[in-house]
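Trainee: Respectively, the protein sequence lines represent chains A and B.
Numbers 1 to 229, taken from the numbering used here, label the letters of the first sequence in order.
Numbers 1 to 386, taken from the numbering used here, label the letters of the second sequence in order.
Please keep in mind that the hints were generated in silico from the structure rather than gathered at the bench.
Beta carbons are placed, not taken as given, at the ideal position from N, Cα and C, and that holds for glycine.
Accuracy of the hints is not assured; some may be wrong.
The calculated lysine to any residue pairs, modelled on SDA-like cross-linking and capped at a C-alpha distance of 20 Å, are [claimed, not checked]:
(1) Lys291/B - Gly139/A
(2) Lys131/A - Phe7/B
(3) Lys115/A - Ala380/B
(4) Lys115/A - Lys2/B
(5) Lys304/B - Asp81/A
(6) Lys291/B - Ser135/A
(7) Lys72/A - Met381/B
(8) Lys72/A - Ala380/B
(9) Lys54/A - Gly29/A
(10) Lys131/A - Lys304/B
(11) Lys54/A - Met381/B
(12) Lys73/A - Thr375/B
The following residues of chain A were derived to be distant from chain B, with all beta-carbon distances above 12 Å [claimed, not checked]:
(13) Asp21
(14) Gly58
(15) Asp63
(16) Thr223
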Amino acid sequence: MSLLELKNVYKIYGDLHALDDVSLKVEKGEWVSIMGPSGSGKSTMMNIIGCMDKPSKGEVLLDGVDISKESKKNLTNIRRDKIGLIFQQFHLVNYLTAVENVMLAQYYHSIPDEKEALEALERVGLGDRAKHLPSQLSGGEQQRVCVARALINYPEVILADEPTGNLDEANEEIVVELFHKLHNEGTTLIVVTHDPEVAEVAQRTLVLRSGKLSKEIVNENFTGKIHFD
Amino acid sequence: MKKRKMFIRMITASLMRRRSRMIVALLSIAIGATILSGLVSIYYDVPRQMGAQFRNYGANMIFTGEDGSLGLDEVIAGEKKIDPAELVGAAPYRYENVRINDIPVVAAGTDPQGVQKTSPYWRVEGSWFSGGGELLVGASVAESFRIKSGDVIDVSFTPAAQEDESGEEEFVMDNFKTFTVMGILQTGGSEENYIYMSLDDLRELTGTEGSIDVAELSVSAGQEELSAYIDAINSGVKGVHASLVKRVTASEATVLTKLQALVLLVTIVVLALTMICVATTMTAVVAERRKEIGLRKAIGASDKSIIQEFMGESMLLGLLGGALGSVLGYVFAQQVSINVFSSSISFRPVLVPVTVIASIAVTGISSLMPIRSATDVDPAMVLKGE
Ligand SMILES: Nc1ncnc2c1ncn2[C@@H]1O[C@H](COP(=O)(O)OP(=O)(O)OP(=O)(O)O)[C@@H](O)[C@H]1O
Ligand SMILES: [Mg+2]
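For reference, chain B alone in the conformation it holds in the complex (with noise of 0.2 Å):
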């Protein structure tokens, strides 16, 4: 047999036979690769999350009208400037006053989809609506009116009053329409104190054709990008006023790089603490077996071979502890994803060898100085029977 099988064969042994004490060493080790690569992962995926997040809050470009009035159209041909693979969404609104019980309140008419796609973050309880006398209330109208979802509400608008020939205003009847009610909508901003309809309702309910006040859009380009596609409709969509709402994409940058120099500082501190738990551990195995470094010396084995024999054990408990680690992690990771940035990420195999081969190296650093301090234990005490 050659020595090398040996050698295996006896640093297996001591871990698969002395389980329940290497148990801790490898749940350790696990621990520690199981968040260094779930944060790895999270530090990669923060950019591509934190681009979605920012969406998140609010369209990135708003068109509005260039005389006060803005038709489909024209939201349409300023939407073609855009490469529409990185058009994330679009939803026109059209605000106009309506009465629920003869009281006054803003309704909105808009694209539920594109609605979906530039405010994701809207939080409705219930469902969606879409069109065909579907309606979201927000929850402070909801409040007011005391209305739930499922229940059925008869919206009335007033036509503007127009003047006969006489001069008198003529009496003109309220329109009105039954709408279901689908959900609440909770945003903890503005849009809770309007109702929400598709454009074709509102178009029925209001008998006008009526212009778009404001488009949002949601666009997933850089800086530079987007004040290239501002330029472009701007002077190539007659009608169109497109700007950037700067508040969101400005900042994008800068809480990114701080919320990577974050996860870069966690990622140390965890690393720091994993090898001092290594350590810790390797110190507790090589006291606990002085007497079987103290025999292994006194039949023969020199400083080297103790030495390689630990290393092995510590180097195969980083290698077993990095692939546990390198799953767990990804859970780890995914689990973070879902719950902060309510996304998911994606798996990166090529992590699988990084977390390994970095535990084993980790394993290996920290034990250095344990196991050195293997080869001070004497043989002689063997013979003493202590």
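Isolated chain A, as found in the complex (with noise of 0.2 Å):
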């Protein structure tokens, strides 16, 4: 059994089809990215598949739940359990330092443990910014934060919506190098880019465009290293 399926699946806006008859399997351990142009519904499936939307249509088999028929409440106990979220604009809480933003991933999944809050900065080199609060932190610094809290507590998947959409290359560098490192120990990533040079990193990509995916491009000599051209 797939990790993720998806099965014809709609999301539809008035009569604009944000999603249009989408299917697709992603296996457990997976690395795939998603691309496509602006506007093509990355960011509605990602909202899908991350429980916190649901389709006008189809099904969503997430660890063999469908996930489509799933009442609020519940959706915000399997995105708690199974998903880490890391986001474009590195969504931190600000008044929150780096190490309580991480324990706030803990505290609504379970018990926060500033220890292994710590271990998690470390991990993504920030074992020295921990006290800091985001507006002290670079933007780089912050998406490792959201790293840290994305897999704070071992979610089967991890799902990014353009993480390195505004970071420069050294810093895409560390996060794409954290990506390879979940990617090893077993976790599933599912990584929306418009960036093709963190995109080919992947496993497979797969390209939507208006709502359909419209290709699938596998990675031949997947290494899990970005190779800057």
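Two chains, two separate frames, one set of hints: put the complex together.
Mentor: Structural data, given as structure tokens:
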């Protein structure tokens, strides 16, 4: 059984088909990129996979559970237990320190554990920035805090919507390197990106166009490392 | 770490690190709490204040002589019938016609200490008089004679002419006494037409023992108790006729309830205004933090925990505002009391927890609606990067 399976999924706003009959499978431990022009439905799809939105039609099976039929409350629970989210605009709570932001995810999931949160920050190379507020961190550092927060509860799948969209090359490399580590540990990764260099690193790239899956590119020589031209 | 510890850490961080934002909310709560606790303080102090206030408007009991003349010892015998704890003060008055620069004036001989008790509303420019040639001059007398405090003036008295054996009126010399004007009396009433000196000075000036015309007493007792005193004195003390000055005592109760009702009304209005203010502030706070709410939900917060967190914050604000308000409220009540009633109020420790709890409850209740709207935030907006 696949970890994630979309069967003929539609998301319709009025007469706009943001997702138009999308079917796909993602296996456990896979690293998948999603590309496509602006407005093609990438975020719409991530919202549905991330249990924050429901499809207009179709089935979405996450770990065998059809999340398109679940109540809002159950969706919150599933999201909390199975999904780690990373956003383009490094969303952090601006009045909590880096370590507190990581602990926030633990707090909603189970029990906050400062030691573990600090270890997660160390993994992303921010052990010495733990007590800083988001405003005292660079964009790259903030995004790494988001990565630490996303992985703290050992989610089944990490969803990242343009995680490197606002980062320079150096930070982009750090984040991709983190993804590589997570992938090696067996975490499933679904990464939306505009950046071909980031997309290419993944094992597989899906291309969305006007709500439809238009192409699938398999990376034959997958290394998980980013190569800049 | 316990969940609760993280919860407290979060809400205190939100208040402390977003200080400039929260200060507005805190101030509105603190001002509301200040006025509320101040008014409650005044509400409970009004009866006491008003009691003092009514005594301020003159004595509530007077003694007159049964046959027109009253001796000082009779007045004292009458006073003995009144519980010393309830007797605020007593002032005997003896009036005589005297002259200043040959122009007649009425002089009142009295007990300066007693007058201060029975007529504390007298405003004296300069200083109060005591015995030994000291004089207090009513404002209208002072004006017509151009007297100011510090002046030294002669007061004369013409003793009653006595007929000698031949039936002719004997010529008698006027008595003179020199007085220092200590102060000018302002009351806005007829008291301004008199000059005041001690009984001893008047006795010395007139050369006669004389008799007391009236004694004013200020008694702090209820209507029934006052009537009981009147009966006891009229039947038990010979030569003294006691009566109540009804005008003031009867109206005391009605004015009191009206005043309390007014304070209560103002309290309710202020309460309503505070709640509106808190609700508005919390609505703004929630609106401004929609992104944060969306984020919290995206990383797994349930509606319940969102409500708990915002409720926790607003209750913490209520706690701080209430604590601040109970202190400022005392200061406020004290100022009102001093400026309006010219007396201080006592600090009621019980008002501190009451204010704090009321403030928490009021903040919590008025935050309910805004906080409920926080749960409407769609976590999907976070991914959309709104
Ligand atoms: N709540 C909504 N109501 C109506 N239309 C919507 C809504 N959300 C998204 N859309 C539309 O759905 C389409 C897909 O939007 P989506 O956000 O998924 O695009 P995207 O691929 O993530 O684009 P980008 O790369 O710019 O982020 C767009 O045309 C958008 O206007
Ligand atoms: Mg998008």
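Trainee: Would you mind marking each hint as holding or not holding in the structure?
Mentor: Hints and how they fare:
Restraint check for Lys291/B and Gly139/A: the C-alpha separation of about 18 Å stays at or below 20 Å, so the hint holds. For a cut-off of 20 Å, the pair hint linking Lys131/A to Phe7/B stands: about 18 Å separates their Cα positions. With a CA separation close to 30 Å, the supplied pair Lys115/A and Ala380/B exceeds the 20 Å bound. Restraint check for Lys115/A and Lys2/B: satisfied, since their Cα atoms lie roughly 13 Å apart, inside the 20 Å limit.
For the proposed pair Lys304/B and Asp81/A, the alpha carbon gap of about 17 Å is at most 20 Å, so the pair holds. Restraint check for Lys291/B and Ser135/A: satisfied, since their Cα atoms lie roughly 16 Å apart, inside the 20 Å limit. Only pairs whose Cα atoms come within 20 Å are accepted, and Lys72/A paired with Met381/B is accepted, the gap being roughly 15 Å. Taking the CA atoms of Lys72/A and Ala380/B, the gap is about 12 Å. The hint holds against a cut of 20 Å.
As the CA atoms of Lys54/A and Gly29/A are separated by approximately 24 Å, the hinted pair breaks the 20 Å bound. Pair hint Lys131/A plus Lys304/B does not hold up; C-alpha atoms about 28 Å apart against a cutoff of 20 Å. Between Lys54/A and Met381/B, the direct Cα distance comes to roughly 14 Å. Compliance with the 20 Å bound is thereby established for this hinted pair. Note on Lys73/A and Thr375/B: the hinted pairing holds, with a Cα-Cα distance of about 12 Å set against a maximum of 20 Å.
No beta-carbon of chain B comes within 12 Å of the beta-carbon of Asp21/A; the shortest separation is about 21 Å. Even its closest Cβ contact with chain B, about 17 Å, leaves Gly58/A beyond 12 Å, as expected for a residue assigned away from the interface. With 12 Å as the threshold on Cβ separation, the claim that Asp63/A sits away from chain B holds: the shortest Cβ distance comes to roughly 16 Å. Separation of Thr223/A from chain B is adequate, the least Cβ-Cβ distance of about 29 Å exceeding the 12 Å criterion.
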